[in-house]
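The hints should help you fit chain D onto chain P, whose structure is shown.
Listed below are the residues making up each chain.
There are 2 protein chains.
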Amino acid sequence: MTATIIDGKTIAAELRGKVAFEVAQLKREHGVTPGLAVVLVGQNAASEVYVRSKSKAVVEAGMTPSDHKLPETVSEAELLALIDKLNKNKAVSGILVQLPLPPQIDPQKVIAAIDPAKDVDGFHPVNVGRLSLGLPALVPCTPSGCIMLAKMVWPSLAGLDALVIGRSNIVGKPVAQLLLAENATVTVAHSKTKDLPALARRADLLIAAIGKAELVRGDWVKPGAIVIDVGINRVAGDGGKSRIVGDVAFDEAVKVAGAITPVPGGVGPMTIACLMLNTLRAACAQNGVKAPRL
Amino acid sequence: MTATIIDGKTIAAELRGKVAFEVAQLKREHGVTPGLAVVLVGQNAASEVYVRSKSKAVVEAGMTPSDHKLPETVSEAELLALIDKLNKNKAVSGILVQLPLPPQIDPQKVIAAIDPAKDVDGFHPVNVGRLSLGLPALVPCTPSGCIMLAKMVWPSLAGLDALVIGRSNIVGKPVAQLLLAENATVTVAHSKTKDLPALARRADLLIAAIGKAELVRGDWVKPGAIVIDVGINRVAGDGGKSRIVGDVAFDEAVKVAGAITPVPGGVGPMTIACLMLNTLRAACAQNGVKAPRL
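Residue numbers (the working numbering), protein chains in the order written: chain P, 1 to 294; chain D, 1001 to 1294.
Read the hints as simulated data drawn from the structure, not as lab findings. Remember, it's a predicted structure, so these values are computed and weren't measured experimentally. No residue lacks a Cβ here, since even glycine has one placed at the ideal position from N, Cα and C. Fair warning: there could be bad hints in the mix.
Stated by the list, open to error - BS3-like mimics (lysine-lysine), calculated; alpha carbons at most 25 Å apart, straight line:
#, chain 1, residue 1, chain 2, residue 2
1, D, Lys1151, P, Lys192
2, P, Lys85, P, Lys56
3, D, Lys1194, P, Lys194
Claimed, not checked - With the C-beta cut set under 8 Å, the calculated list includes, among others, these residues of chain P facing chain D:
#, residue
4, Pro125
5, Val126
6, Pro155
7, Ala158
8, Gly159
9, Thr187
10, Lys192
11, Lys194
Just chain P, same shape as in the assembly (with noise of 0.2 Å):
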């Protein structure tokens, strides 16, 4: 038995396209186009190839990108002031600050300063602690991510045992709350956990957010499971080149598993299309229109 790929990269593309739809439809209607203000600290290759392909996808979804580039040097105070005026920008509907900060910078500060109405990365602790009371929220890209993924293979998650490994901020404690407004069992294990390969063979839903590479083994896999891989972790390829991989052995588990994610083209894409999903609806919301459900 072979499983199925879930392949993150075509459904990541659908939804783009539908935000697209809707953002055409909102101009239309009520005259307002979403912009989404993405501010980079620094030079971070990294973060100035993730911020070029935000740029990118909010061009392309019809919406308006707004690229604010502070030196290395910038103090906590100006960076403040930057969110303050973009808090008050009636056509920016959503703020993406980069991380990475420079050490001079407290990024807590920097997410608190944020609207929440305007936080469509979803770190702001109001949205977080909205997330967990069940009431309407910005969510974190890559979270809901993983769960559109897991529910294209599989439209109702109540009941399965879902298993998260990793417990940070950014996936595994938000994932955690989805999974549970889904109605999933779901158990959170981390560095301290005992036995995990055991609680691997459990679940029928396995989402690996702990950024070891290939660190799920094929035989961790309950047969016919579901595997979403959050993993992108650079190791050493052939011929002295890298290549990227998940925290899931792809090749042992793709024989055991009943559905699987792979690295690249699995969560990867669908974390730009969820944020502009995010940044449609700050913009519906902010505008007193109803979201659409896409």
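The following block gives chain D in isolation, referenced to the frame of chain P:
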């Protein structure tokens, strides 16, 4: 083998004593007397009993109580105006609005109106979010009490397989966050969970907070496990009288568990003790005084 009985009544009394000691010190050294404002709307017999015992504990801890009774017919605007006044009152360190509220009032709107720094129930989205993010927060009282009781018999919960039965915003979800912060491997089960007995049998630490009388049977308990019973259920007793039982069949579980909380006299008394502790902590934070480690 019979389980150790975790004597919540005594442990709570000790905690209240320590809080009273610290309150006296705070007065002496900083001239600060913590104050707790309790808001009660309408006439709910259970709520009135609970509010009275809170006020008594506040006085015994050397803090200043202020009780605010509003009629059942009070408008949302009037209640919000009172909260605004309490937010601004420097003598009030903590604000607690007794739930449930009558139907004309949106409880989420009321909770969100409380200054998060005075939210001693830990229900404000900002505190819920900060707890999840691992930032300093006012933490809900019953979950805090559960963790304290478990640590009385097992000082480090790291690596334990913990099962939380119930996913309420008041107990299940916050206690899961606290267990994660203690480095336990955490599973949250609920009404949609399949084969709850099998899950329970794997738990080193079982926290039952589902509100179903004696749902958890003795043969659900892993031998030697710590069992924390949050349930308070009134059932028919002998001779037509009612009696209070927990979510765990105590007489059965006590023969299997390593340690267990009784009902009553387990988690119950911890809730008010932790409320006193939260009020002390809030007063310290509002006055720039380092909170004592209790």
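Task: Satisfaction of the proline 125 (chain P) interface hint, Cβ to chain D closer than 8 Å - done: holds, 3 Å
Task: Restraint status (C-alpha distance of lysine 1194 (chain D) to lysine 194 (chain P) at most 25 Å) - done: Roughly 23 Å separates the two Cα atoms, so the pair holds.
TODO: Report holds or violated for the interface hint on valine 126 (chain P), using the least CB-CB distance to chain D and a cut-off of 8 Å.
DONE: holds, 5 Å
Task: 25 Å limit on alpha-carbon distance, applied to hinted pair lysine 85 (chain P) and lysine 56 (chain P) - done: Between lysine 85 (chain P) and lysine 56 (chain P) the Cα gap is close to 23 Å, so the pair holds against 25 Å.
- [ ] Against chain D, run the beta carbon of lysine 192 (chain P) and see if the smallest gap drops under 8 Å.
- [x] Check passed: Cβ of lysine 192 (chain P) comes within 4 Å of chain D, closer than 8 Å.
Open item on the list: What's the verdict on lysine 1151 (chain D) and lysine 192 (chain P), does the C-alpha distance respect the 25 Å limit or exceed it?
Closed with: Holds: lysine 1151 (chain D) and lysine 192 (chain P) sit about 17 Å apart, inside 25 Å.
TODO: May I ask you to test the interface hint for lysine 194 (chain P) with respect to chain D, counting a Cβ-Cβ separation under 8 Å as satisfied?
DONE: Cβ of lysine 194 (chain P) sits 5 Å from chain D, so the hint holds.
Open item on the list: Given a cut of 8 Å on the nearest C-beta pair, is the interface hint for glycine 159 (chain P) held or broken against chain D?
Closed with: holds, 5 Å
Task: Interface hint for alanine 158 (chain P), Cβ within 8 Å of any Cβ on chain D - done: Where the cut-off is 8 Å and the nearest Cβ of chain D is about 5 Å from alanine 158 (chain P), the hint holds.
Task: Status of the hint placing threonine 187 (chain P) at chain D (closest C-beta pair under 8 Å) - done: Threonine 187 (chain P) check passes; min Cβ-Cβ to chain D is 4 Å, inside 8 Å.
Open item on the list: Is the interface hint satisfied for proline 155 (chain P)? The criterion is a beta-carbon contact with chain D at less than 8 Å.
Closed with: violated, 15 Å
Checked against the numbered hints above, the structure breaks only hint 6 and satisfies the rest.
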